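2 protein chains.
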Amino acid sequence: MAFKFQINPDIRFIHDEALLAKADACRPVIHARAVRPRRLVCLQQDPGKYMGWGVCEDERKSVREDERERAREDERGSAREDERRVEALPERVLRRGDRVILDFGRHCVGHFSVDIRKSGCAMDAPLYLRVRLAEVCAELAEEPKAYEGWLSRSWIQEEYLHLDVLPARLELPRRYSFRFVELTVIDTSPKWGVTFANPQAECLSAAEEEKQAIPLPADERLRAICEVSVRTLAECMQDVFEDGPKRDRRLWLGDLRLQALANYATFDNAALVKRCLYLFAAMATEDGRLPACVFTSQAYEPDDTFLFDYSLFFISALHDYLQVHEDPELLRDLYPVCVRQMNAAWESVGADGALHCGEDCPVFIDWSNDFNKDTAGQAVLIYVLRQFLTLGQMAGDPACAPGQMTGNPASGQMAGVPNLALWQTRLDRLTAYAMSELFDADRHLFVSGPDRELNAASQVWMVLANVAGEAENRRIMEETVKNFFPVRGIATPYMYHHIAEALFAAGLKTEALDLIRAYWGGMIDLGADTFWESYQPDMPDYSPYGSTSVLSYCHAWSCTPVYLLRRYAPEVFA
Amino acid sequence: MAFKFQINPDIRFIHDEALLAKADACRPVIHARAVRPRRLVCLQQDPGKYMGWGVCEDERKSVREDERERAREDERGSAREDERRVEALPERVLRRGDRVILDFGRHCVGHFSVDIRKSGCAMDAPLYLRVRLAEVCAELAEEPKAYEGWLSRSWIQEEYLHLDVLPARLELPRRYSFRFVELTVIDTSPKWGVTFANPQAECLSAAEEEKQAIPLPADERLRAICEVSVRTLAECMQDVFEDGPKRDRRLWLGDLRLQALANYATFDNAALVKRCLYLFAAMATEDGRLPACVFTSQAYEPDDTFLFDYSLFFISALHDYLQVHEDPELLRDLYPVCVRQMNAAWESVGADGALHCGEDCPVFIDWSNDFNKDTAGQAVLIYVLRQFLTLGQMAGDPACAPGQMTGNPASGQMAGVPNLALWQTRLDRLTAYAMSELFDADRHLFVSGPDRELNAASQVWMVLANVAGEAENRRIMEETVKNFFPVRGIATPYMYHHIAEALFAAGLKTEALDLIRAYWGGMIDLGADTFWESYQPDMPDYSPYGSTSVLSYCHAWSCTPVYLLRRYAPEVFA
Chain A
292 MAFKFQINPD
302 IRFIHDEALL
312 AKADACRPVI
322 HARAVRPRRL
332 VCLQQDPGKY
342 MGWGVCEDER
352 KSVREDERER
362 AREDERGSAR
372 EDERRVEALP
382 ERVLRRGDRV
392 ILDFGRHCVG
402 HFSVDIRKSG
412 CAMDAPLYLR
422 VRLAEVCAEL
432 AEEPKAYEGW
442 LSRSWIQEEY
452 LHLDVLPARL
462 ELPRRYSFRF
472 VELTVIDTSP
482 KWGVTFANPQ
492 AECLSAAEEE
502 KQAIPLPADE
512 RLRAICEVSV
522 RTLAECMQDV
532 FEDGPKRDRR
542 LWLGDLRLQA
552 LANYATFDNA
562 ALVKRCLYLF
572 AAMATEDGRL
582 PACVFTSQAY
592 EPDDTFLFDY
602 SLFFISALHD
612 YLQVHEDPEL
622 LRDLYPVCVR
632 QMNAAWESVG
642 ADGALHCGED
652 CPVFIDWSND
662 FNKDTAGQAV
672 LIYVLRQFLT
682 LGQMAGDPAC
692 APGQMTGNPA
702 SGQMAGVPNL
712 ALWQTRLDRL
722 TAYAMSELFD
732 ADRHLFVSGP
742 DRELNAASQV
752 WMVLANVAGE
762 AENRRIMEET
772 VKNFFPVRGI
782 ATPYMYHHIA
792 EALFAAGLKT
802 EALDLIRAYW
812 GGMIDLGADT
822 FWESYQPDMP
832 DYSPYGSTSV
842 LSYCHAWSCT
852 PVYLLRRYAP
862 EVFA
Chain B
292 MAFKFQINPD
302 IRFIHDEALL
312 AKADACRPVI
322 HARAVRPRRL
332 VCLQQDPGKY
342 MGWGVCEDER
352 KSVREDERER
362 AREDERGSAR
372 EDERRVEALP
382 ERVLRRGDRV
392 ILDFGRHCVG
402 HFSVDIRKSG
412 CAMDAPLYLR
422 VRLAEVCAEL
432 AEEPKAYEGW
442 LSRSWIQEEY
452 LHLDVLPARL
462 ELPRRYSFRF
472 VELTVIDTSP
482 KWGVTFANPQ
492 AECLSAAEEE
502 KQAIPLPADE
512 RLRAICEVSV
522 RTLAECMQDV
532 FEDGPKRDRR
542 LWLGDLRLQA
552 LANYATFDNA
562 ALVKRCLYLF
572 AAMATEDGRL
582 PACVFTSQAY
592 EPDDTFLFDY
602 SLFFISALHD
612 YLQVHEDPEL
622 LRDLYPVCVR
632 QMNAAWESVG
642 ADGALHCGED
652 CPVFIDWSND
662 FNKDTAGQAV
672 LIYVLRQFLT
682 LGQMAGDPAC
692 APGQMTGNPA
702 SGQMAGVPNL
712 ALWQTRLDRL
722 TAYAMSELFD
732 ADRHLFVSGP
742 DRELNAASQV
752 WMVLANVAGE
762 AENRRIMEET
772 VKNFFPVRGI
782 ATPYMYHHIA
792 EALFAAGLKT
802 EALDLIRAYW
812 GGMIDLGADT
822 FWESYQPDMP
832 DYSPYGSTSV
842 LSYCHAWSCT
852 PVYLLRRYAP
862 EVFA
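If you read the protein sequences in the order shown, they are chains A and B.
Our numbering puts the first residue of the first sequence at 292, with every later residue one more than the last.
Our numbering puts the first residue of the second sequence at 292, with every later residue one more than the last.
Chain A extracted, bound-state conformation (with noise of 0.2 Å):
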């Protein structure tokens, strides 16, 4: 199984007041607009599309017997073409087990609503109906019932609604995810059948999608992909900036870091970003590490769970935020928090440089766990150690004024002036570890783990550390194109995303472009309006999770692409 969970409810948090203030103060306008279908469709089978499955507007192409059976019907009568426009769906009664999907053509997060009025004798029954939201048709092709996966049932978006009263405007109060809507009247009765009319999605985001006005670039397949890529973010900028609206509709470390870099890049909606990083910093342990991720949406809450990257990447993403906005505050406030996770890391750093890390705070990396993560790990460390010694060099700049840095005494860190000296030390103890251990020199590769295996992520991470130099960081990435590419046992955009990120720190712009176009691009031609938690090619219907069905089809940590162009490839919007 790819995928555990962590239960350590042994460990206590603090709640910050003072920080969740700051965080509240942040708190972003939901933009909400309303959105009608664009038409009705049927399922059908399209081995070129995801899970195999496609949409068509013509019933004749169901796999539904029923439908395929009214298609003929309608041309044995008069053409009733028209009966299947969405513009004729009020005129369409549906009885027992009847059912219609609307498209609306785009992703959806938000409310969705319906008018029902009844057709026929007196309402002698109540309405028995079955909602279905699907990000992706093919979750409309399997059953719910089914589910034996292991995350829980309970994100299947689907909802059973009784309606004693017709007619009557049902406005589902749950918010949703979607770019389908599949209605099936389970029963009516034999005397009355019902008819809808003006379904509408009210999308809501804290993104002003009219004021993102980034040119796209003239290169069909990389406009497709930046479009997509911003809709995939502005999807999941909502209270806070979500994984996935679909599931889990919360706020993880290592996919703020990645939704920030795609925002600056974008919408740079700079509040929401600070309002995530103070949630975090408002929510550690009593030792001062920070979570994977925290809840948000009933009241704070941090969870249990805790990854040495996740933590570390806070870091990360308040030296990301400097880059683009001044902030002496959020320094102020925030720089005490990364001096705890660096000094929570380093007890995990052996005397020789060498990083240990323990089960109950592994490195993630990836969903797989099929590689081994060792030298990955290192390279995580390393990368976050110098944001971090840059951090301090602007934190001890008299601009931050010293006095008010409040590092841990208890943890060794001098109050004031961080000690930028002793972790350029360490830094260095790091580097030459993996220099000196971990790099095979004559393959121009690095190992990892006890049995000196060569893996992908260790390449990728150490060139995005920067261990190697300028120009090893090239023969490395070139290396492994050679022995990695095409990429096999990976599924997440996460892991794509530090490959193409290194291969164009490498300076392989080529490969980099090529990657995002095979990989990204690969989704789209499978079907995709927004990009996959998951995606692995040599393996599309690949789930950590036990099934499908629970996975989020508009995921924060695939939303990269444009920022990745942006930064790396500028010339492509020119």
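Just so you know, the hints here were simulated from the structure itself, not pulled from any lab data.
Given the structure is predicted, the values throughout are model-derived calculations rather than measurements.
One or more of the hints may lead you astray.
It does not matter which identical chain is meant; a pair holds if it fits inside one copy or across any two.
Unchecked claim - Simulated pairs of lysine to aspartate or glutamate, DMTMM-like, Cα-Cα distance not exceeding 20 Å:
no.	residue 1	residue 2
1	Lys-436	Glu-450
2	Lys-482	Glu-439
3	Lys-436	Glu-449
4	Lys-800	Asp-510
5	Lys-436	Asp-389
6	Lys-340	Glu-592
7	Lys-340	Glu-433
Since chain A is already given, all that's left is putting chain B on it; use the hints.
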């Protein structure tokens, strides 16, 4: 198929606002009382109970393997008997697939609510919960998904609910009819479970149970039958006399007539009967006919279903009311409606005095269509016409100002004093035809239809209509007992009521009491808390709807034993 829907879209109805206002003036106070479950139970197979299902408190006897397994684990560990007590419910953590069945120990009509708390880590997914509510435990043994009956599946009392925020008090907004509530946790997440606390039913009725203080029979079986009879009636007394609080929840004339009789013998809520009479009177067709039922839960709306006997029973219901309560205004208002029903009925009578009902307004008598109903229909008309004459005499009485009688001039009915002589002549013609053409004096039984069929219903209704005279009535019922007992192929307590009443009317009190003990007592033996819509002793799982899932297990037309006993055997209450 024993059940047939009428669909008459072309029939136009009037809405008499003045009469609707009088109906509203009689709108009852609905009394609410809180009821808590008595115990936690498991389903177990029990051949002695309805459909072979019973409940027990011992999980070792559960039909579910997981519950038996938990019970075995309990035995291996410390004695956790207490955990199965309802008081221990809040300590029981439920996770994916777990369920608990609450037994309220009595039939409830009303709202269900329960506290739900999370137990474990932060709530990283919604709770997905299924709530099923059942009048009899056998309902819980059926899988609603498998339902293929022809009544709407929407009547099956189940809800699927997502709860995004916990803790919460779940207050289901719909009204249900239940003794058992099954809570099934479809899913939480591996990181947490849920507990339930403070389950409660808010029970609703227009009957003031505290004020109902009729004495009960000393005989244990008759006492139980009376208690269940009164409970059945009380549960159906809502905003109108509903036929069944689970299904259809509406006002049928045939049920109203019997409910009203039981009501006079117990709660004697006169206003509620008046309300229902006014509702029917207010929603006749353009030509004055009354539908078999009206809807009142949304708007006041007549059903487009017509039954010959049900329309006539409006006259019976008014007659019965005025036997108990003096109300000249009611008579003035409603006598013209009675005249219209009689006139309409007379259109189906030939010159020879034979009734010939058409397909568009059939005689009901009973669900079964396996016997000929011509003679029973003729008898119903005679039965009601006698009551009509009584009403006419009352209407002609100076106490009821004649000038205000507003018969329909178009029907040949004189305004003012009703033409009682004419109707007496017609009555004679009907009875003469019955005795000369339908009565087999040698066999002391009435025949029915072109094949001169012998059946119980003909005898029962001819005796109730008192066509043959007192002595012959007794003989007829003796022959009925000889030829047709034990009754077969009859599933409605409605028909059984008339059989029992005919036995009493004919002086066969012992046989009547035996039938009540055997038939209504039989339901109690099978586990009834309230009397059912359907019970066929020779085929207990019979349903005219293709499934027992949608049967109503608390049904108006089954509540009459208390009336029968109070009227015909008052000595049992001594």
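Outcome of the hint check:
In the homo-oligomer, the alpha carbons of Lys-436 and Glu-450 lie at most 20 Å apart both inside one protomer (13 Å) and across protomers (15 Å), since each shortest distance falls under that limit. For the homomeric pair Lys-482 and Glu-439, the shortest alpha-carbon distance between copies (16 Å) is at most 20 Å, but the shortest distance inside one copy (38 Å) is not. Taking the shortest alpha-carbon separations for Lys-436 and Glu-449, both the intra-copy value of 11 Å and the inter-copy value of 16 Å come in at or below 20 Å. Only within a single protomer do Lys-800 and Asp-510 lie at most 20 Å apart by alpha-carbon distance; the minimum there is 16 Å, versus 96 Å between protomers.
For the identical chains of this complex, Lys-436 and Asp-389 are neighbours both inside a copy (19 Å) and across copies (16 Å), given an alpha-carbon limit of 20 Å. Taking identical chains as interchangeable, the C-alpha atoms of Lys-340 and Glu-592 are never at most 20 Å apart, the minima being 39 Å within one chain and 50 Å between chains. Within a single copy, Lys-340 and Glu-433 get their C-alpha atoms as close as 15 Å, which meets the 20 Å cut-off; across copies the closest is 39 Å, which misses it.
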